[in-house]
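> Please put together the full structure from these sequences, using the hints given.
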Amino acid sequence: MTGQWEWTTLREVLVPQPNKKPLQQGWSPKCIPSPSPDSETWGVLKTTAIQPGRFDETQNKELPATLAPRPAIEVQQGDLLMTCAGPRSRCGIPALVRSTRPRLMMSGKMYRFRPVEGVDSAFLEKWLLSAEAQARIDAMKTGISDSGLNLTQDRFLALPVPMPGMEEQRRIVDIVEEHFARLDVAEGSLDVADKRLEGLVESAIQLCLDWGSVRQVELRSLLAEPLANGRSVPTREDGFPVIRLTAIRDGWVDPLQRKGGDWSRNDAKKWLIRPGDFLLSRGNGSLGLVGRGGLVLDDPGEVAFPDTIVRLRPNREKIDLDYLSMLWNSRLVRRQIESRVRTTAGIYKINQEALKSIEIPVPSLEVQGRLASSIGGVRLAGRRIAGVVEAERRRTAALRRAILTAAFAGRLSGRSTDTEVIEELVASR
Numbered sequence: 011m012t013g014q015w016e017w018t019t020l021r022e023v024l025v026p027q028p029n030k031k032p033l034q035q036g037w038s039p040k041c042i043p044s045p046s047p048d049s050e051t052w053g054v055l056k057t058t059a060i061q062p063g064r065f066d067e068t069q070n071k072e073l074p075a076t077l078a079p080r081p082a083i084e085v086q087q088g089d090l091l092m093t094c095a096g097p098r099s100r101c102g103i104p105a106l107v108r109s110t111r112p113r114l115m116m117s118g119k120m121y122r123f124r125p126v127e128g129v130d131s132a133f134l135e136k137w138l139l140s141a142e143a144q145a146r147i148d149a150m151k152t153g154i155s156d157s158g159l160n161l162t163q164d165r166f167l168a169l170p171v172p173m174p175g176m177e178e179q180r181r182i183v184d185i186v187e188e189h190f191a192r193l194d195v196a197e198g199s200l201d202v203a204d205k206r207l208e209g210l211v212e213s214a215i216q217l218c219l220d221w222g223s224v225r226q227v228e229l230r231s232l233l234a235e236p237l238a239n240g241r242s243v244p245t246r247e248d249g250f251p252v253i254r255l256t257a258i259r260d261g262w263v264d265p266l267q268r269k270g271g272d273w274s275r276n277d278a279k280k281w282l283i284r285p286g287d288f289l290l291s292r293g294n295g296s297l298g299l300v301g302r303g304g305l306v307l308d309d310p311g312e313v314a315f316p317d318t319i320v321r322l323r324p325n326r327e328k329i330d331l332d333y334l335s336m337l338w339n340s341r342l343v344r345r346q347i348e349s350r351v352r353t354t355a356g357i358y359k360i361n362q363e364a365l366k367s368i369e370i371p372v373p374s375l376e377v378q379g380r381l382a383s384s385i386g387g388v389r390l391a392g393r394r395i396a397g398v399v400e401a402e403r404r405r406t407a408a409l410r411r412a413i414l415t416a417a418f419a420g421r422l423s424g425r426s427t428d429t430e431v432i433e434e435l436v437a438s439r
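Its first residue numbered 11, the sequence shown is counted upward by one per residue in our numbering.
It cannot be assumed that every hint is accurate.
Below, computed lysine-lysine pairings styled on DSBU-like, alpha-carbon distance capped at 35 Å [said to hold, decoys possible]:
#	residue 1	residue 2
1	K279	K40
2	K279	K205
3	K366	K269
4	K269	K279
5	K366	K280
6	K280	K205
Bear in mind the hints are in silico, worked out from the structure with no lab data behind them.
Below is the structure:
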């Protein structure tokens with residue numbers, strides 16, 4: 011930080027909300043799962059409406075006509091929003107509402123706040139997004155497991171905030187947003203690549219399999235063992251390993267995506283994974299990710315699976331593992347999964363009974379193997395491309411963090427030399 015900047019706390023730079031407090035929390039009624047159809051119909055925001063530095067008004071659920079809306083918690087342009095409950099990765103996410111349609115209310119898992127005169131809203135948003143502020147916020151979260159944490163008002167309001175003059179605040183915002191705009195263009199290209207890749211693989215599956223002439227079999231009839239949910243354990247760095255939910259990729263499992271759990275090998279024995287297991291995401295804040303599955307391809311070593319994952323052990327005399335892996339994340343299965351999910355506190359979940367009723371086209375094992383082999387080349391090429399896209403996404407995220415770090419260290423000038431500073435910070439992490 012530059013020497014001229016003063017420090018204060020978040021509490022000191024916020025104006026009172028309609029509830030006469032610096033932070034206002036929303037309401038979480040039981041809603042219709044689909045979004046509010048128009049700006050005349052009230053909706054309640056999902057936590058996914060708040061992305062790092064970006065507000066997405068389409069992420070909402072329709073308020074039933076039987077419930078009266080609460081206009082006092084309607085989101086307005088200029089509000090700063092922060093998620094205050096959920097998984098560790100989704101708790102403590104800030105976004106400035108730069109524009110919004112009317113009749114959208116905050117949910118109970120988010121705070122609203124506005125700065126006093128002399129504090130730029132975009133500057134405060136950028137500070138909350140910075141690595142230093144995020145590290146402090148992360149340390150404030152409470153809860154018994156990473157899958158369900160809370161950020162209390164008193165803890166959040168104690169967050170230190172740097173206070174340069176308004177001119178310097180706006181200069182920092184302008185420089186950061188200029189750099190971010192370039193990254194937005196790059197990320198848009200990555201989104202296009204993702205969609206094209208998904209369409210390529212889906213087209214290959216459709217061409218290889220004649221859905222109409224193949225018998226449909228419920229998943230329950232294709233199991234060698236009953237479905238099993240994992241176990242929730244607190245994190246402990248030196249504990250017995252448990253895979254992360256992010257280990258489930260597009261049709262395969264990366265067992266290196268793991269962390270230590272607060273349990274012993276003996277405690278975890280029942281939940282160890284092995285080659286041939288098919289793992290499914292049991293719950294997620296995104297509808298498109300719940301129920302996604304992947305195959306454990308090779309020996310994963312000794313690692314267990316958590317409560318956010320369901321283990322499926324297929325009967326190999328009935329279904330080819332590669333065929334299942336190929337088919338599970340296709341549109342045919344996704345449509346069935348998404349029609350069966352339920353929401354609890356903003357998290358989409360699918361239970362075992364719903365999973366067991368999923369219908370899968372099952373030709374003979376010989377045909378299954380031939381289809382899996384035919385599409386395998388397309389999927390392999392797709393994985394390679396997806397790996398490149400994912401690497402670029404990680405680099406883009408690292409660049410955003412570096413830009414904010416440099417900005418709050420007073421190292422950005424708005425000139426071409428900024429690139430060297432940013433790259434130096436990325437390389438040092």
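> Against this structure, judge whether each hint is valid.
Now for the hints, and whether the structure bears them out:
1. K279 <-> K40: violated (38 Å)
2. K279 <-> K205: violated (40 Å)
3. K366 <-> K269: Holds, at roughly 29 Å.
4. K269 <-> K279: holds (16 Å)
5. K366 <-> K280: Since the Cα atoms of K366 and K280 sit roughly 21 Å apart, the hinted pair holds (cutoff 35 Å).
6. K280 <-> K205: The given pair, whose Cα atoms are some 38 Å apart, is violated under the 35 Å limit.
Taken one by one, the earlier hints fail for this structure at numbers 1, 2 and 6, listed in ascending order.
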